[in-house]
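Participant: Here are the chains, one letter per residue:
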Amino acid sequence: MLEFLNSMPGAVAQGIIWGIMAIGVYITFKILDVADLTVDGSMATGGAVMVVCMTSGMNVGLAMLIAFAAGCAAGLITGVFHTKFGIPAILAGILTQFILYSVNLRIMSQKANLPLSVEKYNLLISLRNLPRAVIVGAIFVVIIIAVLYWFFGTELGHSLRATGCNSNMARANGINIDTNKIIGLVLSNGIVAASGALLAQYQGFADINMGRGAIVIGLAAVIIGEVLLGKIFKNFSLKLLSAVIGGIIYYIVITLVLRAGLNANDLKMLSALVVAVFLGIPYWKQKVAERRTVKEAADNAQG
Amino acid sequence: MLKVNNLYKTFNKGTVNEKSALRGVNLELNEGDFVTIIGGNGAGKSTLLNSISGVFRTDCGSIVIDGKDVTKLPEHKRAKYLGRVFQDPMMGTAADMWIEENMSLAYRRGKPRGLKWAITNKERAAYREMLSQLGLGLEDRLSSKVGLLSGGQRQALTLLMAVMQKPKLLLLDEHTAALDPKTAETVLNLSEKFINEGNLTTMMITHNMNDAIAHGNKLIMMHDGRIIYGVSGEEKKNLTVDDLLKKFSDLSGEKFANDRALLN
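Taken in order, these protein sequences are the chains called A and B. Okay, so the first sequence: first residue is 0 according to numbering that gives the first Met the number 0, each after it adds one. Okay, so the second sequence: first residue is 0 according to numbering that gives the first Met the number 0, each after it adds one.
The following block holds chain A by itself, in its conformation from the complex (with noise of 0.2 Å):
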């Protein structure tokens, strides 16, 4: 029990850089109601650019904007894919995501992993002061919200989200929805980015397949932290936060059933049938509640 206590501020910091990366995916998930799977990709872009930005003896700031503008072009690449080529978003993005596997090598030098010490070079985040950490990633959250608040606010994000909520609508009002799209694309793939940056500061090193499944884990975060805190959170800020939230509690389960023994490699399953039930109960809800129609109208009928 200690030694799970003593795991906690790690699978804290941890769910928090995630929680990040689920705010780029509740942007395209829940915003422009779009699965956007670029995310796999452009998560390790932002750690390769990173490591390679510091490496060259960049600042650590200019380094994560940088990482942050290279997620918002691996964005655009999908968004011109969807929009320009008429391709469906889900194939755009596995077809970003390929092209950035060969891009990222090439930004490591064809290397699959690239280490960043923290003993070398001045960090934000690592593992090896987690208060920091928290503390750090704590900051980058209520940064991103705020901005994100505002920006959903504006005409323009009020135009992005009903191009999510009914594409028709918003046509007939003037809006280009392609456009719409590509911007919320981009900008939800410089977050995915910037947080692949703090991941590859945070665990000291950047790695090929860093953002493998990423999409899976997103999406975990913010059906998570829908489903608990969706009927107590209901300002934009806020249901925000809840995917951040999300991913923290993400990261407590999976720490605790490692502890408890399960095999590493079955996570990544695990976490994909929990994405699975989730995203089936509305269907589910819907079907049972069609039946129950069915068996009033027939029992009205007899009746």
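Calculated directly from the structure, the hints in this document are not laboratory data. Note that this is a predicted model, so its numbers are computed, not measured. It is possible that part of the hints are untrue.
Here are the computed distance ranges between Cβ atoms for each label pair [as the list claims (entries may be wrong)]: (1) L114(B) - R290(A): 45 to 53 Å; (2) D177(A) - Y7(B): 23 to 31 Å; (3) D87(B) - V293(A): 21 to 29 Å; (4) D58(B) - F97(A): 34 to 42 Å; (5) R56(B) - V293(A): 39 to 47 Å; (6) N198(B) - D177(A): 29 to 37 Å; (7) N198(B) - R290(A): 51 to 59 Å; (8) V226(A) - Q132(B): 50 to 58 Å; (9) D87(B) - T178(A): 20 to 28 Å; (10) V293(A) - L250(B): 28 to 36 Å; (11) D32(A) - G109(B): 19 to 27 Å; (12) V146(A) - G66(B): 42 to 50 Å; (13) L1(A) - D95(B): 41 to 49 Å.
The list that follows gives simulated cross-link-like pairs (lysine to any residue, SDA-like), each with its CA atoms no further than 20 Å apart [claimed, not checked]: (14) K110(B) - E154(A); (15) K144(B) - F232(A); (16) K144(B) - F151(A); (17) K115(B) - I143(A).
Computed, partial: chain B to chain A, Cβ under 8 Å [to be verified]: (18) F10; (19) E74; (20) A78; (21) K79; (22) G91; (23) T92; (24) A93; (25) A94; (26) S103; (27) G113; (28) L114; (29) G252.
Using N, Cα and C, we set each Cβ at its ideal position, and we do this for glycine too.
Given the coordinates of chain A, assemble chain B onto it according to the supplied hints.
Facilitator: Then chain B, alone, in the frame of chain A:
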């Protein structure tokens, strides 16, 4: 205000499902004209409205709104000139957004959308005032999700959103067809009110022959992708449903067939 010249549209060209929806439609409306459109199934009524609003490109012909040729403009750029209400009450509003958010989106139709705050307090007061004109009590529910409203309320809100930024042309595509008779009447009366107050140039498709006669100063009948009959002024006012049905069979050689037609 509107000039439609020789408009053609064929769907699924070159396949077994080829369908000529418009075959040379010509129509001219002056400012303040209110034309009602009737016709059987597949006559091309909705295709005409969708062509004007740019849902798809037409094969040939031109569309000019207020002196501006919009034939090649994409849908979202034409929106500047158009107020639209659809048949499906779900289609004209964003369900997950609040009433005031929906209104602020419509208020900026045709204007650039930047990084200014989306709703000002002054606007909010104006929205409340406008909503009270609907007489549905929505003025006290500015921050209710539109998805919680009834079909009739949503349709009334869509109508308000279509006219709050005065459109050059108001397009009503069977906008009361999905509502119960009483709500349909309310929405139709509101439409008439807004059209009169704003002297709005309007096209209204309806399946209700009586409504088509009672509203507007012009009436056109479509069949098989063409306008086969047009009438205006006194002559229109004196029409009866029987006159229209007779006109239709004389001109088309068929009986009037519309699944939803209300003949009396």
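Participant: Each hint needs a verdict: does it hold in this structure or not?
Facilitator: Against the structure, the hints:
| no. | hint | in the structure |
| --- | --- | --- |
| 1 | L114(B) - R290(A): 45 to 53 Å | holds, 48 Å |
| 2 | D177(A) - Y7(B): 23 to 31 Å | holds, 27 Å |
| 3 | D87(B) - V293(A): 21 to 29 Å | holds, 23 Å |
| 4 | D58(B) - F97(A): 34 to 42 Å | holds, 39 Å |
| 5 | R56(B) - V293(A): 39 to 47 Å | holds, 43 Å |
| 6 | N198(B) - D177(A): 29 to 37 Å | holds, 35 Å |
| 7 | N198(B) - R290(A): 51 to 59 Å | holds, 52 Å |
| 8 | V226(A) - Q132(B): 50 to 58 Å | violated, 41 Å |
| 9 | D87(B) - T178(A): 20 to 28 Å | holds, 25 Å |
| 10 | V293(A) - L250(B): 28 to 36 Å | violated, 46 Å |
| 11 | D32(A) - G109(B): 19 to 27 Å | holds, 25 Å |
| 12 | V146(A) - G66(B): 42 to 50 Å | holds, 43 Å |
| 13 | L1(A) - D95(B): 41 to 49 Å | holds, 46 Å |
| 14 | K110(B) - E154(A) | holds, 10 Å |
| 15 | K144(B) - F232(A) | holds, 15 Å |
| 16 | K144(B) - F151(A) | holds, 16 Å |
| 17 | K115(B) - I143(A) | holds, 19 Å |
| 18 | F10 | violated, 19 Å |
| 19 | E74 | holds, 5 Å |
| 20 | A78 | holds, 4 Å |
| 21 | K79 | holds, 6 Å |
| 22 | G91 | holds, 6 Å |
| 23 | T92 | holds, 6 Å |
| 24 | A93 | holds, 4 Å |
| 25 | A94 | holds, 6 Å |
| 26 | S103 | holds, 6 Å |
| 27 | G113 | holds, 6 Å |
| 28 | L114 | holds, 5 Å |
| 29 | G252 | violated, 37 Å |
Violation of the numbered hints given earlier is confined to hints 8, 10, 18 and 29; the remaining hints are satisfied by the structure.
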